[in-house]
Amino acid sequence: MEALPQIRQTLSEIDRRIPDALRVAMGLRLRPTAGAALVEVTRFAASCQPRPCPEGGDDPMECDEPAPARALRMEAASCFLPDHDEDSHFVRPEAGVVALADGVGGYRAPGVDAAAFARALVYNAFEMVVATTPGGAGGICPYALLGWAYEQAVSARTQGASTAVILSLAGATLKYAYIGDSAFAVFRDGKLFFRSEAQVHSFNYPFQLSVKNGNSVTSAARGGVEVKEGDVVVAGTDGLFDNVASEELQRIVAMGRALGLSPKQTADVVAGFAYEASTTMGRDTPFSLESRKKQGTIFRRGKRDDITVVVAYIV
1 MEALPQIRQT
11 LSEIDRRIPD
21 ALRVAMGLRL
31 RPTAGAALVE
41 VTRFAASCQP
51 RPCPEGGDDP
61 MECDEPAPAR
71 ALRMEAASCF
81 LPDHDEDSHF
91 VRPEAGVVAL
101 ADGVGGYRAP
111 GVDAAAFARA
121 LVYNAFEMVV
131 ATTPGGAGGI
141 CPYALLGWAY
151 EQAVSARTQG
161 ASTAVILSLA
171 GATLKYAYIG
181 DSAFAVFRDG
191 KLFFRSEAQV
201 HSFNYPFQLS
211 VKNGNSVTSA
221 ARGGVEVKEG
231 DVVVAGTDGL
241 FDNVASEELQ
251 RIVAMGRALG
261 LSPKQTADVV
271 AGFAYEASTT
281 MGRDTPFSLE
291 SRKKQGTIFR
301 RGKRDDITVV
311 VAYIV
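Residues 1 to 315 (full-length UniProt numbering) are what the sequence shown spells out, left to right.
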């Protein structure tokens with residue numbers, strides 16, 4: 001994995017812990033001085049795989065559902081690796097809210113800031129979350145919050161268009177609202193438990209919000225996922241999910257938990273893995289597989305893009 005400045009500290013910490021095991025498990029290069037035999041490292045990596053597990057309101061800040069007896073909280077952090085610098089996000093663990101937006105690159109042109117709408121959505125949502133303390137037990141309603149942030153951006157005649165995802169932890173329910181292909185997944189005991197489904201008009205043409213010619217907020221997917229202590233939530237823009245398959249993400253999350261990595265360290269590793277996949281030729285990715293399926297292309301590579309990753313541990 002390339003030692004990008006944003007993730008260098010995390011990679012050094014991984015080196016200090018179980019470097020050879022992590023490299024084998026995640027397809028990274030072994031150090032020249034690796035002492036353990038490859039078979040022993042592979043055995044350790046396999047042992048870290050998880051065991052099978054048994055089976056809103058109008059107010060932007062409040063959902064209607066009552067909270068359970070024991071409310072959960074999130075420990076969350078992020079990693080951003082820019083390409084065109086058109087992603088935007090915030091993480092507000094104390095409010096149980098994260099938001100990501102991805103400016104649509106098709107608006108990129110002289111005199112047009114393709115990141116403007118994404119930044120406006122995230123800024124508006126952040127300002128509302130910071131300024132308001134939820135009065136109800138149900139926490140913040142991400143759908144209403146997305147709608148409010150969108151209306152503010154439209155009122156300001158903001159340039160560009162954006163996809164978006166907002167997550168809010170309300171008791172033991174992870175509420176969500178998203179538009180387009182910014183997405184999230186929930187992992188339980190190291191296994192994929194839930195993953196959002198991308199909204200697209202056609203290949204590489206996601207649903208999007210804009211002042212005009214975009215989708216309505218009413219098109220946003222919304223709902224809730226019941227979570228429990230120990231679950232891991234990974235949210236990201238398409239720079240993550242176009243380049244990293246669910247199985248790969250599952251493996252990274254499982255290894256991160258096995259090694260005791262923090263949310264920040266896990267986010268760094270996930271983002272670094274996505275970056276390496278986006279720049280590697282001859283390697284299939286979700287993007288190349290979908291292009292082959294929808295357009296009949298034959299290339300095998302990732303997609304260069306901004307990469308934003310948010311990792312939240314449910315505690």
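Read the hints as simulated data drawn from the structure, not as lab findings.
Each hint should be verified, as a subset may be incorrect.
[What the hints assert, rightly or not] Cross-link-like lysine-lysine pairs, in silico, DSS-like; alpha carbons within 27 Å at most: (1) Lys264 to Lys228; (2) Lys303 to Lys191; (3) Lys191 to Lys228; (4) Lys264 to Lys191; (5) Lys293 to Lys303; (6) Lys293 to Lys264.
[Claimed, not checked] Distance ranges between label pairs, derived from CB positions: (7) Ser155 to Gly260: 43 to 51 Å; (8) Arg300 to Thr132: 45 to 53 Å; (9) Ser155 to Val112: 16 to 24 Å; (10) Gly282 to Glu94: 24 to 32 Å; (11) Lys191 to Arg8: 36 to 44 Å; (12) Arg292 to Glu226: 30 to 38 Å.
Given the structure is predicted, the values throughout are model-derived calculations rather than measurements.
Glycine included, every Cβ here is placed at the ideal spot set by N, Cα and C.
Hint-by-hint comparison with the structure:
1. Lys264 to Lys228: At roughly 20 Å apart (the allowed maximum being 27 Å), lysine 228 and lysine 264 satisfy the hint.
2. Lys303 to Lys191: OK: lysine 303 and lysine 191 at ~26 Å, within 27 Å.
3. Lys191 to Lys228: Given pair lysine 191, lysine 228 holds - Cα atoms ~14 Å apart, limit 27 Å.
4. Lys264 to Lys191: holds (20 Å)
5. Lys293 to Lys303: Cα-Cα ~16 Å, so holds.
6. Lys293 to Lys264: Cα-Cα ~35 Å, so violated.
7. Ser155 to Gly260: 43 to 51 Å: Because 46 Å falls inside the window, the suggested range holds.
8. Arg300 to Thr132: 45 to 53 Å: holds (48 Å)
9. Ser155 to Val112: 16 to 24 Å: holds (19 Å)
10. Gly282 to Glu94: 24 to 32 Å: Given about 44 Å between the Cβ atoms, the range is violated.
11. Lys191 to Arg8: 36 to 44 Å: For lysine 191 and arginine 8 the Cβ distance comes to about 30 Å; the hint is violated.
12. Arg292 to Glu226: 30 to 38 Å: Since the Cβ atoms of arginine 292 and glutamate 226 sit about 36 Å apart, the hinted range of 30 to 38 Å holds.
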